[in-house]
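As you go down the protein sequences, you meet chains U and D in turn.
When the first sequence is numbered by my numbering, its final residue is 143 and no position is left out of the sequence of numbers.
When the second sequence is numbered by my numbering, its final residue is 143 and no position is left out of the sequence of numbers.
Check the hints yourself; a few may be wrong.
[To be verified] Label pairs and their computed distance ranges (CB to CB): (1) 9/D with 38/U: 27 to 33 angstroms; (2) 67/U with 66/D: 34 to 40 angstroms; (3) 76/U with 77/D: 24 to 30 angstroms; (4) 64/U with 139/D: 37 to 43 angstroms; (5) 19/U with 80/D: 22 to 28 angstroms; (6) 70/D with 105/U: 37 to 43 angstroms; (7) 106/U with 70/D: 19 to 25 angstroms.
It is worth saying that the hints were derived from the structure and are not from the lab.
All C-beta atoms, glycine included, are put in the ideal place defined by N, C-alpha and C.
Number of protein chains: 2
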Amino acid sequence: MSQAASFQPIGVVRSALDDLDAAPSQGPEAGTTAVIELDPALAEGLQGLTPGRWLWVLCHFDRAKQVKLKVHPRGDRSRPQTGLFSTRSPHRVNPISLTLVRLEALEGNRLTVRGLEMVDGTPVLDLKPWVAGIDQPRGEQE
Amino acid sequence: MSQAASFQPIGVVRSALDDLDAAPSQGPEAGTTAVIELDPALAEGLQGLTPGRWLWVLCHFDRAKQVKLKVHPRGDRSRPQTGLFSTRSPHRVNPISLTLVRLEALEGNRLTVRGLEMVDGTPVLDLKPWVAGIDQPRGEQE
Chain U
2 MSQAASFQPI GVVRSALDDL DAAPSQGPEA GTTAVIELDP ALAEGLQGLT
52 PGRWLWVLCH FDRAKQVKLK VHPRGDRSRP QTGLFSTRSP HRVNPISLTL
102 VRLEALEGNR LTVRGLEMVD GTPVLDLKPW VAGIDQPRGE QE
Chain D
2 MSQAASFQPI GVVRSALDDL DAAPSQGPEA GTTAVIELDP ALAEGLQGLT
52 PGRWLWVLCH FDRAKQVKLK VHPRGDRSRP QTGLFSTRSP HRVNPISLTL
102 VRLEALEGNR LTVRGLEMVD GTPVLDLKPW VAGIDQPRGE QE
């Protein structure tokens with residue numbers, strides 16, 4: 002395999018969640034807001050983003066637990082185990098989270114977003130705009 | 002900011018593209034197939050994936066060029082510059098790509114996927130299933 006990839010966080014999540022076990026599983030119920038504090042040196046890169054846009058937030062889920070290649074979906078032990086890569090379990094070989102959020106406000110280097118249920122202090126690796134077409138299944142699903 | 006995050010690739014892209022400049026920009030026109038060769042030690046984690054599923058592929062875009070915080074969207078110099086984080090430019094602070102692909106076939110540790118226009122040898126960092134609801138804008142857009 003190729004050599005390791007090393008990334009420097011571009012920012013950090015500020016949220017009311019300080020306990021991993023209090024963080025809900027990813028899902029549409031995730032309705033509270035959090036703040037992403039971007040490295041001020043990168044704030045120029047936010048130009049063009051406006052409230053109402055949908056963004057992908059990639060975080061380093063740095064409190065991920067031991068990786069298992071077979072998991073119970075959503076941690077529900079009543080459901081049969083399946084392969085890690087067919088689930089969104091946060092406990093991944095490479096614990097990079099992917100969350101779609103709505104940008105509610107943008108002030109300088111601070112983005113207020115809805116739908117990001119991350120523990121306070123979680124490092125942010127990237128922000129990308131959601132783009133119709135390329136981010137939607139094409140063909141049989143829409 | 003937090004400390005660096007280091008990831009070990011879980012696999013590699015095998016494709017007919019050996020030249021960065023020949024790789025098309027991300028988009029619905031990306032219709033050719035590529036193969037993801039997963040580390041055989043991780044193949045168990047693919048259980049539950051079946052052809053026809055849509056997957057997110059996260060790659061380390063290891064041939065990314067110099068990062069600029071302002072870019073021309075899709076490299077089109079006739080379009081005004083905008084902030085990096087409002088675009089899907091591959092030349093990012095942390096060059097992690099995000100591509101939605103359709104799983105066409107799965108044999109052992111080899112996934113044949115449609116829509117992944119990556120140069121041969123690109124390291125793969127993660128695979129995640131596309132999940133209705135959480136991966137779609139909620140409310141005014143659908």
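Going through the hints against the structure:
Evaluation of the 27 to 33 angstroms hint for residue 9/D and residue 38/U yields a pass: the beta carbon distance comes to about 28 angstroms. Look at residue 67/U against residue 66/D: about 37 angstroms separates their beta carbons, and that is inside 34 to 40 angstroms. The given range of 24 to 30 angstroms is broken by residue 76/U and residue 77/D, whose C-beta atoms sit roughly 45 angstroms from each other. The hinted window of 37 to 43 angstroms between residue 64/U and residue 139/D is violated, with their beta carbons roughly 26 angstroms apart.
Checked against the given bound of 22 to 28 angstroms, the beta carbons of residue 19/U and residue 80/D, roughly 43 angstroms apart, lie outside it. Taking the beta carbon of each, residue 70/D and residue 105/U are about 23 angstroms apart, not inside 37 to 43 angstroms as hinted. Distance hint check: the CB atoms of residue 106/U and residue 70/D are about 21 angstroms apart, consistent with the given range 19 to 25 angstroms.
The structure does not agree with the numbered hints 3, 4, 5 and 6 stated previously, though it agrees with the rest.
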